[in-house]
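Protein chains: 2
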Amino acid sequence: MRVYESTPVMPLLGGGDNRLFVKRDDLLPFSLGGNKVRIAEAFLSDMKEKGKNALIMYGNSRSNLCRVLASACRADGVPCLMVCSGDPDHTSLKTGNSRIVSLFEVEVISCAKNAIAPAVDEAFARLESRGYDPYYIYGNRLGEGNEGTAARAYAASYREILEDERKLGLHFDYIFHASGTGATQSGLMAGHLLAADEKKIVGISVSRDRERGTGIIREGIRAYFRDCGLALPEGFEKEIELCDSYLAGGYGKYDGEILEVIREQFRVNSLPLDPTYTGKAFFGMTKYLRRMGVKGKNVLFLHTGGLPLFFDALPDLADGKEK
Amino acid sequence: MRVYESTPVMPLLGGGDNRLFVKRDDLLPFSLGGNKVRIAEAFLSDMKEKGKNALIMYGNSRSNLCRVLASACRADGVPCLMVCSGDPDHTSLKTGNSRIVSLFEVEVISCAKNAIAPAVDEAFARLESRGYDPYYIYGNRLGEGNEGTAARAYAASYREILEDERKLGLHFDYIFHASGTGATQSGLMAGHLLAADEKKIVGISVSRDRERGTGIIREGIRAYFRDCGLALPEGFEKEIELCDSYLAGGYGKYDGEILEVIREQFRVNSLPLDPTYTGKAFFGMTKYLRRMGVKGKNVLFLHTGGLPLFFDALPDLADGKEK
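Line order of the protein sequences matches chains A and B.
Heads up, the first sequence is in numbering that gives the first Met the number 0, so the first residue is 0 and it goes up one at a time.
Heads up, the second sequence is in numbering that gives the first Met the number 0, so the first residue is 0 and it goes up one at a time.
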C-alpha cells in the first residue's frame with residue numbers, strides 16, 4: 000500500500016455564482032479509493048514506527064476506514080480485528096463495506112455504541128493471547144491518545160492541493176468536505192495553518208453537532224502540532240468551521256433533497272456521491288454558499304470517496320420515487 | 000466528457016513465473032470508469048463529425064457501454080435511446096448498470112437477441128418523429144458499417160501504453176484483456192500493427208467462440224486501417240489471438256474458480272474484478288500463461304473496468320460458500 004502521486008482536480012458544471020471544482024480522492028487506486036486510503040496509510044505507518052504487529056480497528060457496518068484497513072492489512076500480512084458498533088449482529092446489516100470486510104475474513108467483535116471500551120479490551124486480549132502486540136487505531140481503550148496521527152494524512156494532502164493550484168494556475172478560496180471523525184478536517188486545517196494562507200476550510204458535519212465536532216477537530220490539530228513540535232498560531236480555534244445545519248436527522252439519515260442532489264451530480268458531473276457522507280456534504284455546501292451569499296469564488300469540493308455507499312444507495316436513487 | 004491524460008500502471012503481487020502489471024483503465028474519471036469511457040468518446044465524436052444529434056445505443060442490462068453512453072449523452076445534452084436485448088422486460092433484471100441507465104431516465108426499447116434490427120428501426124422512427132437525426136453506434140440496422148470507429152479508442156490507447164513503458168523503463172511482452180465486442184482488441188491490435196512492435200496481445204473471450212470473435216476483430220482492424228487510409232501489413236490476421244478456453248459456459252456465466260480469482264485479486268492486489276468480464280479474463284490469463292509455459296516475461300493486464308458488476312457480484316463474493 001502506498002498513496003499515489005496526485006488525484007485529479009476537475010471543474011464541475013452547475014456552480015451557479017461560483018466556480019466549482021472537485022478533487023477526486025475517490026479515485027485513489029487502492030481498495031476502491033477515498034480519504035481513508037490516505038488515513039489508513041498514516042495509521043499503518045504509525046503502527047510500524049511503534050513496533051506493533053497487529054491492528055484493531057473500529058467502525059460500524061458502513062465504515063469506509065475499516066474497509067480500507069482490512070485491505071491494507073491483508074496486503075501487508077498484518078492480522079486485523081474489527082470492533083463494530085451500532086449493530087448488535089454485524090451480519091444483520093449488509094452493506095458494500097461490511098461485505099468487503101467479510102471478504103477479507105476479518106474477525107469482528109460487535110458491541111453497542113456506548114460499550115466500545117470493553118470490546119476494545121476484548122480485542123486486545125484475543126490478539127495478545129495469540130502472541131501479538133496490537134495497535135488500536137484510536138489510541139487507548141477510550142479512543143484517546145492518537146489524535147495527531149490521522150491528521151497527518153490531510154496535512155500532507157493540503158500541500159498536494161497547493162501544488163494542484165500551481166499546476167492549474169488558480170487559487171481556491173474555499174475547500175468543502177464531509178466531516179465525520181474529524182480526521183480530514185484536522186489535517187486540512189493543520190496544513191492550512193502551516194501554510195498560513197487565506198483559504199477557508201468548511202467541514203459539513205455528517206454526524207456530530209457543531210460544538211462537539213469542533214472540539215474534536217481542535218484536539219486533532221493540537222495533537223498534530225504537538226507531534227511536530229510546533230507552536231500553534233494564537234486564536235486558531237476561531238478558524239475551525241464545522242457546519243451542522245444539514246445533518247438531516249443524524250448520522251446515516253438522509254432525505255429526498257439529498258438523494259436529488261446525488262442524482263443531479265451523477266447525471267451532470269458523473270460524480271458518485273453517497274447519502275451518508277459525500278452527498279450530504281455536497282448538499283450542505285450548495286446550501287451554505289447560497290445562505291452565506293458567497294459569489295465569484297473558486298470552490299473546491301474534496302471528494303472523500305465511499306464508493307460502496309453509492310452502490311448501497313443505487314436502488315433508492317434509481318427506483319425510488321421523489322422521496 | 001473527455002478522456003484524461005493517462006491511467007496508472009501498477010505492479011501486481013502473485014505473478015508467479017512472470018512479472019505482472021495492471022493498467023487501471025477502471026479509474027478513468029468519468030461515469031465509474033472502464034474501457035467504454037474511451038470507446039464512448041470515440042462514438043460520440045464520430046456522431047458529431049457526421050452531424051447527427053441523437054444517439055441510439057445497444058446492449059443488455061449488464062452493458063457498461065450503455066451506462067457510459069447514457070452518462071455522456073446526459074452531460075452533453077444529447078437525446079439517447081437504448082435498445083436492450085436478452086431481457087424481455089428490461090426492468091426485471093436489475094443490475095448496477097441497468098439502474099444507472101434508469102437514473103439517466105433513458106428510454107428503453109426491449110427486444111429478443113435475435114430481433115435487434117426491428118428494434119433499431121423502431122428507435123430510429125421514434126427519434127425521427129421528434130425531429131432528430133439519430134446515430135446508431137453500430138452503423139446500420141444490422142449493426143454493420145461502424146467497425147472502425149470503436150477501434151480508434153484503443154489504437155490511441157496503445158500509444159499511451161508505449162508511453163507508460165517509456166516512463167516506467169520497461170517493456171511489456173504481453174497485453175491481456177477481456178474481449179467481448181472486439182472493440183478493445185481491434186484497437187490494441189491496430190495500435191500494435193501501426194507500431195510494428197513485438198508485443199503479443201491476447202484477448203480472453205468472455206462470450207464468442209474463437210472463430211467468430213476473431214472474424215469480428217479482423218473486420219475491426221480492417222475498417223480502422225481503411226478509415227485511416229493505410230494499407231494493412233500482410234498476414235496480420237495470424238497475429239490475432241483470441242482465447243476461448245475460459246468461457247465457463249458463455250456470456251455472463253461463471254463458476255467458483257472465477258469467483259475465487261476475483262476474491263484473491265481483491266484481497267492481494269486491491270483490484271475490483273467482475274465475473275462477466277475482467278474476472279473471467281484475469282482467470283483466463285493466469286491459465287493461459289501456465290498452459291503456454293510463459294516464463295520471465297512482463298505481462299500487462301488491461302483492467303477494462305465494469306465496477307458496477309463488481310458490486311453486483313459482491314454478495315456472492317462475500318457471502319457465497321465455495322461455489
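You may find that some hints are simply not true.
[Stated by the list, open to error] Simulated coverage check for chain B against chain A, where a stretch passes if three residues somewhere in it have a Cβ under 8 Å from a Cβ of chain A:
| hint | region |
| --- | --- |
| 1 | 56-63 |
| 2 | 77-84 |
| 3 | 160-172 |
| 4 | 243-257 |
[Said to hold, decoys possible] Pairs of lysine-lysine, DSSO-like flavour, derived with a Cα cap of 30 Å:
| hint | chain 1 | residue 1 | chain 2 | residue 2 |
| --- | --- | --- | --- | --- |
| 5 | A | K93 | A | K237 |
| 6 | B | K93 | B | K198 |
| 7 | A | K93 | B | K286 |
| 8 | A | K112 | A | K166 |
| 9 | A | K166 | B | K199 |
| 10 | B | K237 | B | K252 |
| 11 | A | K93 | B | K252 |
| 12 | A | K286 | A | K296 |
| 13 | B | K198 | B | K112 |
| 14 | B | K199 | B | K237 |
| 15 | A | K252 | B | K93 |
| 16 | A | K49 | A | K112 |
[What the hints assert, rightly or not] Have a look at the derived ranges for each label pair, beta carbon to beta carbon:
| hint | chain 1 | residue 1 | chain 2 | residue 2 | range |
| --- | --- | --- | --- | --- | --- |
| 17 | A | R158 | B | E48 | 41 to 47 Å |
| 18 | B | K199 | A | K199 | 37 to 43 Å |
| 19 | B | K49 | A | K166 | 52 to 58 Å |
| 20 | A | K286 | B | E48 | 49 to 55 Å |
| 21 | A | E121 | B | E256 | 35 to 41 Å |
| 22 | B | E197 | A | D172 | 35 to 41 Å |
| 23 | B | E197 | A | G255 | 56 to 62 Å |
| 24 | A | K296 | B | E143 | 51 to 57 Å |
| 25 | A | P117 | B | D254 | 39 to 45 Å |
Hints listed in this document are in silico derivations from the structure and should not be mistaken for laboratory results.
Every residue, glycine too, gets a C-beta built ideally from N, C-alpha and C.
Structure-based check of each hint:
no., hint, verdict
1, 56-63, "violated (count 0)"
2, 77-84, "violated (count 0)"
3, 160-172, "violated (count 0)"
4, 243-257, "violated (count 0)"
5, A:K93 / A:K237, "violated, 40 Å"
6, B:K93 / B:K198, "violated, 40 Å"
7, A:K93 / B:K286, "violated, 34 Å"
8, A:K112 / A:K166, "violated, 44 Å"
9, A:K166 / B:K199, "violated, 37 Å"
10, B:K237 / B:K252, "holds, 29 Å"
11, A:K93 / B:K252, "holds, 25 Å"
12, A:K286 / A:K296, "holds, 15 Å"
13, B:K198 / B:K112, "violated, 36 Å"
14, B:K199 / B:K237, "holds, 12 Å"
15, A:K252 / B:K93, "holds, 25 Å"
16, A:K49 / A:K112, "holds, 28 Å"
17, A:R158 / B:E48: 41 to 47 Å, "holds, 43 Å"
18, B:K199 / A:K199: 37 to 43 Å, "violated, 54 Å"
19, B:K49 / A:K166: 52 to 58 Å, "violated, 36 Å"
20, A:K286 / B:E48: 49 to 55 Å, "violated, 42 Å"
21, A:E121 / B:E256: 35 to 41 Å, "holds, 37 Å"
22, B:E197 / A:D172: 35 to 41 Å, "violated, 52 Å"
23, B:E197 / A:G255: 56 to 62 Å, "holds, 58 Å"
24, A:K296 / B:E143: 51 to 57 Å, "holds, 52 Å"
25, A:P117 / B:D254: 39 to 45 Å, "holds, 44 Å"
Hint compliance for this structure: hints 1, 2, 3, 4, 5, 6, 7, 8, 9, 13, 18, 19, 20, 22 are broken, all remaining hints hold.
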